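Peer 1: At position 23 of the sequence shown (counting the first as 1) the number is 23 in the UniProt record's numbering, and the numbers step up by one without a gap.
What the hints contain is simulated information worked out from the structure, not anything from laboratory work. Fair warning: this is a prediction, and the values are worked out from it, not measured in the lab. Glycine included, every Cβ here is placed at the ideal spot set by N, Cα and C. Fair warning: there could be bad hints in the mix.
[To be verified] Calculated lysine to aspartate or glutamate pairs in the EDC-like style (CA-CA distance at most 16 Å, straight line):
#1 7 to 229
#2 226 to 244
#3 149 to 161
#4 166 to 117
#5 112 to 54
#6 88 to 54
#7 226 to 105
#8 165 to 236
#9 15 to 236
#10 15 to 161
#11 158 to 117
#12 99 to 117
#13 99 to 54
#14 166 to 229
[Claimed, not checked] Here are the simulated distance ranges between beta carbons:
#15 266 to 239: 23 to 31 Å
#16 251 to 190: 41 to 49 Å
#17 121 to 242: 38 to 46 Å
#18 102 to 243: 18 to 26 Å
#19 149 to 71: 28 to 36 Å
#20 106 to 228: 17 to 25 Å
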Amino acid sequence: MKVNNSKVQADAIVKSYRYGNTLELTTSNGLHKQTIKVLPNKKYVVLETGEVFDMDTSGVTRSDNIKSTRITMRKLRRLISHNFNGNKNELWITLTYAKYTNEIENVYRDFKLFIRDLRKQYSGLEYINVIEPQASGSWHCHLLVKAPKRSSLYIPNKIIEECWKKGFTKTKRLKNSDKVGNYVIAYLTNLEIDDNQNSKKYIKGARLYLYPKGVRIYRCSRGIKKPIEITATKGEVMTINGLDIDLEANYSKKTNHIISTGDEISYITEFYNIGDKNEDS
Numbered sequence: 001m002k003v004n005n006s007k008v009q010a011d012a013i014v015k016s017y018r019y020g021n022t023l024e025l026t027t028s029n030g031l032h033k034q035t036i037k038v039l040p041n042k043k044y045v046v047l048e049t050g051e052v053f054d055m056d057t058s059g060v061t062r063s064d065n066i067k068s069t070r071i072t073m074r075k076l077r078r079l080i081s082h083n084f085n086g087n088k089n090e091l092w093i094t095l096t097y098a099k100y101t102n103e104i105e106n107v108y109r110d111f112k113l114f115i116r117d118l119r120k121q122y123s124g125l126e127y128i129n130v131i132e133p134q135a136s137g138s139w140h141c142h143l144l145v146k147a148p149k150r151s152s153l154y155i156p157n158k159i160i161e162e163c164w165k166k167g168f169t170k171t172k173r174l175k176n177s178d179k180v181g182n183y184v185i186a187y188l189t190n191l192e193i194d195d196n197q198n199s200k201k202y203i204k205g206a207r208l209y210l211y212p213k214g215v216r217i218y219r220c221s222r223g224i225k226k227p228i229e230i231t232a233t234k235g236e237v238m239t240i241n242g243l244d245i246d247l248e249a250n251y252s253k254k255t256n257h258i259i260s261t262g263d264e265i266s267y268i269t270e271f272y273n274i275g276d277k278n279e280d281s
């Protein structure tokens, strides 16, 4: 019997994420064999050989930072998709600075004051705030906000500007068809370029290179729900979510990675559209 190597088998251990109408499962589950063990005094031992080495604490490389940022964006996409659907009680607000601002702590402080003042007038707001670096070195804030206890939400731009006080603001209502998580992440990671043409052009993923090391890209309010994560066999995950074990994925991809030993391993990730199934199913 021939096994489909691009499909996750029912007995494979997977890490699954359930967010919005999507079930994502991957064989990249964090359960791979441990190859090193961290020791005191910034040292580590290679378990296979027993050799002890000093850790390189000089800082991550640029490629390491890009990898970390991509992982954060994947987490953010899941979080957004789990909480925002383009409903009438949701808004996307952009906050900009009139003056050049590159101190990230100032951005954090300014947003904290902004959301405090906005909530005084619109109680019960839940949000995800994402900071966006500009090519100039300055920052923007992109705020996804919703009012769970309201059927619709409208905030005049005048009120938003009065609460922000730092520069231009823009409010947009996203539609369900936008697939909010994918739409926002694409916007945040692609960089617009000026090529003197009438139409806008973008470099896919280029903005990722503008995020400095160690920056906290997003923050959210306490009422924002986290995606449901489970580590189990694929068969168990499918059953828990009320899906047939043999159901074909709506989309799947296979990626190859080089691990610390120099070996190459492959991960398979599958996505299933679970529609409006209840999360307790």
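Peer 1: For each hint, tell me whether it holds in the structure or not.
Peer 2: Hints versus structure:
no., hint, in the structure
1, 7 to 229, "violated (20 Å)"
2, 226 to 244, "violated (25 Å)"
3, 149 to 161, "violated (24 Å)"
4, 166 to 117, "holds (14 Å)"
5, 112 to 54, "violated (41 Å)"
6, 88 to 54, "violated (55 Å)"
7, 226 to 105, "violated (25 Å)"
8, 165 to 236, "violated (51 Å)"
9, 15 to 236, "holds (11 Å)"
10, 15 to 161, "violated (43 Å)"
11, 158 to 117, "holds (13 Å)"
12, 99 to 117, "violated (21 Å)"
13, 99 to 54, "violated (45 Å)"
14, 166 to 229, "violated (38 Å)"
15, 266 to 239: 23 to 31 Å, "holds (25 Å)"
16, 251 to 190: 41 to 49 Å, "violated (21 Å)"
17, 121 to 242: 38 to 46 Å, "holds (42 Å)"
18, 102 to 243: 18 to 26 Å, "violated (47 Å)"
19, 149 to 71: 28 to 36 Å, "holds (33 Å)"
20, 106 to 228: 17 to 25 Å, "violated (36 Å)"
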